[in-house]
Every structure is written in C-alpha cells, then in structure tokens.
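Q: Residues per chain are reported as follows:
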Amino acid sequence: MGSDGYPRRHSPGGGRITGLETVRLTDIDFSDLTYRITTRSSVDDLAASIDRIGLLVPPLLKPQGGRLIIVSGFLRLGALRQQGTEATAARMISPQLDPLACAHCAIAENRWQRPLNMLETARAMALLAGTAADPGQLAAEAAAAGLPANTGMIDKLLLAAELPAAVQAPLADGGIGLAMALELGRHSDDFSSACATMFGHLRLGLNRQRELLGLMTEIAARDDVTPFDLFQMDGIQQVLADTELDRPQKIGRIRDWLYHRRYPRLAAAEEAFRQNCRRLKLGEHIQLKPPRFFESDRYAIQLHFRTVGELKERVQRLESVCHDAVLRDVLMRDQ
Amino acid sequence: MPIRRIYIDQQIQQAPETRALLSNIDLPTTVVTGAAEVYAAVQAAPDPIAFGKQVLYLTRNQGAFVRDCPGTSDYLCCGYRILHVGTFCHMDCSYCILQAYFHPPVMQFFVNHEDLFAELAGLFRSGEVQRIGTGEFTDSLIWERWTGLSRKLVPVFGRQNSAVLELKTKTTAVTNLRGLAHRRKAIAAWSLNTPRVIAAEEKRTAALEARLEAAARCESWGYPVAFHFDPIVIYEGCEADYRDVIEQMYAAVSAQNIVWISLGSFRFMPSLKPIVAHRFQESKLIYGEFVPGRDGKMRYFKPLRIEVYRAIVSAIREIDPGAPVYFCMEDDEVWQETLGFKPDDRGGVSQILDERAIECCGLAAGKGES
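Line by line, the protein sequences are chains A and B.
Last residue of the first sequence: 335 in my numbering, with the numbers rising by one and none dropped.
Last residue of the second sequence: 1370 in my numbering, with the numbers rising by one and none dropped.
Because the hints were derived from the structure by calculation, they are not lab data.
Just so it is clear, the structure is predicted and the values come from calculations on it, not from any experiment.
All the pointers check out, no bait thrown in.
Covered stretches of chain A, going by a simulated chain B footprint (3 or more residues, C-beta under 8 Å): (1) 218–226; (2) 259–273; (3) 292–305.
Backbone N, C-alpha and C define an ideal beta-carbon position, used for all residues, glycine too.
Just need the whole structure built from these sequences, with the hints factored in.
A: Written out as structure tokens, the structure is:
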C-alpha cells in the first residue's frame, strides 16, 4: 500500500511500470507532446465523467529531466487540470525505460481503448520511426504494435504525420482520406490547408476531391498563378461564403466555375447543346445525346415508350423535329 | 543528352557494324548477356527516361525490321511502314510519346544489318508501292554521326522503284546524304514547329532556321523533301506563328519539290501526362483543352483543332494552292471541314500518298529493282 492509500501494483511487462504514485499536476510537463497520439482535444465529457465516477485508469508518466512527462493520459490529465485538480494518482514508468518501449506503451494504451483514426495511426508510426534504427526494425516494431507493417503504408503514414495541421484535421475526422491528404501535402501549406478545409466542410467524396484538385492545379499551371491564388478567387470564395446555398449547391457551383475555366470551349459547346435541346422541346421521353466530347459526328436518340400509341406519338414528334431549324443548330459542328 | 555509356549485347559484340560504330565513339562500354541488364540499370536511375537517353544499347533486332506503323484506331491512317533501325533518341522533346511507349525507354541501335537488308530485298521484290520511314520510333538522322547508316540505306532504296525511304528528323545531320545515288527514292523530311514550341518543348533539337537550311541543302542535292507539322500546339497567337513557319518553309525550298506536308495536332496517351508534368514542370503543353478521343488518346477539343488546321492550310494554300497536305490520325470530318474532301473520295489516304510518291519520286508500282 502506498502512502497515498492506493495499493502498489506489480505490473507484468518487464518492470516497465514501477508503481502507482500520487503526483502534483504542477510537476507534469504538459508541453512535452512527444508521446501524444490522440487527436481529440475536447475534455469536457471526460471531465464530467471523472467528476461523476472518478479516474478509472491513472495516466502513465515518466520521470525525465526533473519533471514528469506524459506517456499516456493527455486527455485525462487535461480534464483533471480543467477541473482544478491539484494532484492525481499516476502509474510511473521507470526513468530508464528506452524511448522505443515508451512508444509501445503509448501506442498500446491508445489502441486498446479505441480504434486509432488515420492521423493517430500516423502519429503512432512516427513515434516508432523516431526510435527505430532502420526500416526493417520499424516494420517489425510496427507489426508488434499492431500497426500496418507494409513498407508502402509505413512511408505514407510517416508523410501524413508531417502534414500541416489544417490538412491533418480533416484526415483525423474522416473528411479526407490518406490518399488525398498526401496529394494535398505535395502543395503549398496555404493551398493544402485551404483545400483540406473545403473538402472536409463540403464532405466531398474522393473522386470529387480529385476532380476539383486537378482542375485547380491545372488551371493554375496553365494561367501562371498559384493554386492558392486561384482558390482565393471569387468563383470559389463567394460560393463558400454564400449562406443561401446548401452543400450540394456549393459543390456544383464551384465545380462548374472551375470546369468552365479549365475547358471554356468545351463547356460552351455543352451549354449550347443543352440550350438547343431545350428549344427543340423533345419532351421528357425523348433524349438527344451528343457524341462524347463532340469528338465524333454521331448523335443518338433515346426514346422511351410503353405502348404502340406512345411510340407512334413520339415518332411523330421526332419527324416534326427533323424539320425544325433548331435541329440544324444542334448538329452544327462549327461551334 | 550526351551518351555516357554503351551497352553491348554479347551476341553481336564482334559484329562488323558493332566494331564500326565503336570506332566512331569513345565511351565506356559494358558487355551484357541481354536487354534485361540494361533495363535494370535504366529502371534503377532516379529519372529512368533521362537515363535511357544517356545510354546506348547495341543489339540485334529479334523481330521484323519492316513493320506497319502502329497508327491508331477510329481515325484515318496513311499506311506508312516503319523501318525499325533503333529506338528512342538523345533529344528531349516534352511531348515525345516514346517516353510512355517503351518500358523502359532505352536508346537502342540494331546492328544486324544483314537481316535488315535481306528483309528490304524481299519487300522490294513484291513491287508493291511502299512508303517506309525510320523516324517513327527514333529520329532518322541521330545515328549518322556514329553509324553512317544513311550511306547504306539510301543507295539501296535508290536501286529500286517501288518504295521510298523517308528520313524524318529534327536534326541537321545531313552531311552523309550528299553525293549518294538516291534517285529520289529517299525523302528528306523535317518535323517543323513554331520557334516558341521548339524552344519550350523540343530540347536539344535544331532550331527552325537550321532545319530549313538543311532541307534546302538536301534539295540542292536532288532529294525530294517533306515536312511534318506534328505536334501542332495550340496557344494564343499560334496561328500567326505557324503562318510565319510556313512562309519560311516555302522560302527555303521549292513548292514543287515538297512531296507531302502532314498536319497533326498534339495528341497523347493519358499515361504521358504525369511524365510530362514531372519531367517538364515549366511546360504548359498538357494543360490545353484536351478531351479523350475515340482511340483513348487525349486530343484538343475538335473545334479547336479544326480552327488551327484551317489557319495552317490557308497559309499553305496562299503560297501553294496545290500543296499536298494530309492529316495524321484525323477523321473524315476534319478532312472535310479543312481540306474540303474526305480521303475516300480520292481512294483513301494511303492511295493519295502512294500517288504522290509515284509522282514525285519516280516510283513504278509492280516494278521491283531497277
């Protein structure tokens, strides 16, 4: 039994945990985030829970340089500090325990509480990478820690751990996936952050994210502006700021603005075709389909009918369309 | 890019063509058991494409020397045939499809010329009109400095009457063509482009003026000439620039001696795009208004192609109303909208060009060697 009233416990695992002690929060170096894996920041719920039922699992601390650093329990300690707690029970790690072992402790404590999100996995991997002697050892330690051990995935996670905070935030909450986060990471911090925020806010799927990113980067390359300069233009900013538009409308308008800018003649031809089709008044059961990208000169008609009577009626409509001057405008190739 | 090392297939290490080439080039050599070793060295480089331009692999052509041009589906092809003397080249054009076509791209020169000439002899015996070129998988004249290949090829074509050899190049390496018994069966051809495109996208190639000067020299030696505006690149002001090139072209050579002028706008397999974006980061070429064509290649939106083709054809026709213009890999609509007819109206692209070759180069179908 310790002097604080908590029973001393011997922990398996090679004597990593030397015991349970009561520590003053002022003795803890909250600025040392070396072993922080969690991406959560809010501690209100946790503080309320600790208030109700107490601290169930003491944090894991290690003596270092005259102070105590947190190996696991950043949120618990944050909640206690928010409550004004002055002292708490904590499990102590041997000061001699090497960084690799500490990393494993931190990872294990997090992994067994909940599945790690992509950014937490990246942080865990970066933690191991900082202690591994070579890629081979890193893969082995990753496997032992229950993290991906495939070299390609390890490389991606390490890159993700270095991304700007504004790109990491949507990566953590699922707003963007790892692939897109890494693509964004190839761009300037301001652009990647802006895009990540927009993608997360608009909840775009990966294909749409790729489409918009591709349009922006290609327009920027063609027009000798930075992608961030393009992102700052009214065509995007005014849409994002427009509170009258819902999310799908914003997505559509931004995409259309970029598409028209990237493919002005093609977009104009498509719009002209749509307008001419409206003028033809084909009705809802007849669709005139242009050649793909207007590359060939073959158009197609799709005609829907249920009865012979409907078929006759729609065929008659088509016959009258054949004499419509608008059809010549539709088929006119020189646009 | 300068060649830095020569790899020699051990099978042809003692071949006379190998010894002759090595006597003209003083570089470190490595004998290899096969192409795999060369490919491995190229693939291991940080920029395999750039590395592939700095090595030369001497080997045998294991397959046919004369092949149909790969052409494309869904568009009209001209029935051109390739004489496969080598692959890739040491110049560095951003748009070069060979960067994506070969895996990996490696400069190769085939030294089994006995087989090459035997195959040509068989071809000539057929008496069928053929248009054959060496400039599809490589530049026709980059090999001259080390091999003098044209000194062998041109006279061979000169001794028959059914086929023409087109030497298509972006160089000025024409010295070896002087004095050869070509009998107009070899066509000296140049890819042309605007100075802006040459400077931005055709690294290490000859300047426009130099190419035209070389064409004029070949004309003075009696060679028919041809020009290929391919790839035509669309940018603001390009029509005026292409007009200038056309005027310079007609100032350099006589209209009657031009066998054909081909036009082809920039088109590319999608796999080329990341290569260009990575290797030529200053280039804006791939950011044009491209759409997928019917053959899967990216092409300028068709109205844009037709506009620039019309401008170029108009510039040509103002100087030479009867100029023999044709399109590479375009469809009937482009021909009709630009030239006013479809190839089938005149027997097809292949026939049009065969007739031109017969007229300009003295071919006689059905008559093999002279």
